[in-house]
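Participant: Just so you know, the protein sequences line up as chains A and B, in that order.
This note's numbering puts the first residue of the first sequence at 1, with every later residue one more than the last.
This note's numbering puts the first residue of the second sequence at 255, with every later residue one more than the last.
One or more of the hints may lead you astray.
What the hints assert, rightly or not - To give an idea of the interface, some chain B residues facing chain A are shown, with a C-beta separation under 8 angstroms as derived from the structure:
#1 G265
#2 S345
#3 E348
#4 W427
#5 L441
#6 R501
In short, the hints are calculated from the structure, not lab data.
Every residue, glycine too, gets a C-beta built ideally from N, C-alpha and C.
There are 2 protein chains.
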Amino acid sequence: MSGRLAVIGLGPGDDRYLTREACDALGEAGALYGYGPYLDRVPARLGQTRHASDNSEEGARAEAALRHAATGASVAVVSGGDPGVFAMAASVCEAVETGPEAWRALDIVIVPGITAMLAVAARAGAPLGHDFCAISLSDNLKPWEMIERRLEAAASAGFVIALYNPVSRARPWQLAKAFELLARHLLDRTPVIFGRAVGRRDESVTVAPLAAAQDIAADMATLIIVGSSETRLIARPGRSALVYTPRAVEKVSA
Amino acid sequence: MSGRLAVIGLGPGDDRYLTREACDALGEAGALYGYGPYLDRVPARLGQTRHASDNSEEGARAEAALRHAATGASVAVVSGGDPGVFAMAASVCEAVETGPEAWRALDIVIVPGITAMLAVAARAGAPLGHDFCAISLSDNLKPWEMIERRLEAAASAGFVIALYNPVSRARPWQLAKAFELLARHLLDRTPVIFGRAVGRRDESVTVAPLAAAQDIAADMATLIIVGSSETRLIARPGRSALVYTPRAVEKVSA
């Protein structure tokens, strides 16, 4: 009997971003694995067991869920945002590749979710309206030099840049360094969007020019979007400015 | 009296990807604007008017919806996928910037959706598990040379690349040229994922090595993900291979 493992994206914040597919998949699972605060967002269901673990234990969590599924059970791993973007889906794949043969016989389903980048962009306007990239600023799993090279490649080629994992207690200097690097390729007035806890009651969205970006507070709940040279602000009386990147690039500015 | 304009992402395919927020926003609108096939995905509601337009008329659609909202109405523009990713949110912002002052007084809300890139990635495994970018291959609104520069910058810096709008009747050669350019920076065996109509009954997902990618059919309903040098395949007996990009990069391969 083959088990099933669903890796489910809850979206950021509360359940407003939950898709129907994610909702159904949560209902079908007999056991839920995840980081405690994500599990807390899923309403309790009779007979469904819960297995909370710490945020830093992705590998161990993936293995525990796979072991459980391999007993023939229907198991789900919940993930904030989209599980495929710097989240649990890659951890599960890593475990499947290196684990016992039986794990490669499991029915594995990834259920996508709204990733933070899309939620923050929506709050600000349409900053991702043109070509863009997503970079994790964490150098826990890759060399800092690689991150620097990617930031420079992206900024100089005109991508809007979404920064995931911008800062943590163990990584206090990387974000300032990233802004410093980006400033070599982008104008001082380039809009930078800081979306914190978007989708939660305490959400906040702040827009600042790149030249002042280092003065804005950011933490692990913050997703940052750095505009390109084309990204614009629309001032609105009595409302926050809309930030957007036009779909078209004039041939002269190419 | 100020009107309201919501730009709502339906996600790709059927309603499985619809979020609760999108569902609520559809219910609150008195009038819906959109490309016909997207409007057809929204169940009819008594008293709600529908205004379908052609796929190529984004600018005119945005203006018509804004004019309607400025009469004090609650209007929604529906968009496939996420409205902020190569879709209607930027069109609406463009119209707001250049249109009458009254449009800048409107309550404008963007409701994010699952963009095709996330849905296709989920079907394949976790190809976006590491840094990635999204590029529209359409040179209708930007010079082809800019697209080439971005493809080369992204591939040489190690980004996984999602290609939107890969091909159309009016743009028959761009995709083959893109694969040719990418082949200068990536190994022949780099996995390329073709996700067509994901979330619809006729969905298909095909994975091919970059060296054979030009032989796979693609159209405007196809979203393509080109792996990086780190992207891997996990063969599974009796199941399709999982494609994923590990979270970690070894220091030696940097």
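Participant: Against this structure, judge whether each hint is valid.
Facilitator: Hint check results:
no.	hint	in the structure
1	G265	7 angstroms, holds
2	S345	7 angstroms, holds
3	E348	6 angstroms, holds
4	W427	19 angstroms, violated
5	L441	18 angstroms, violated
6	R501	5 angstroms, holds
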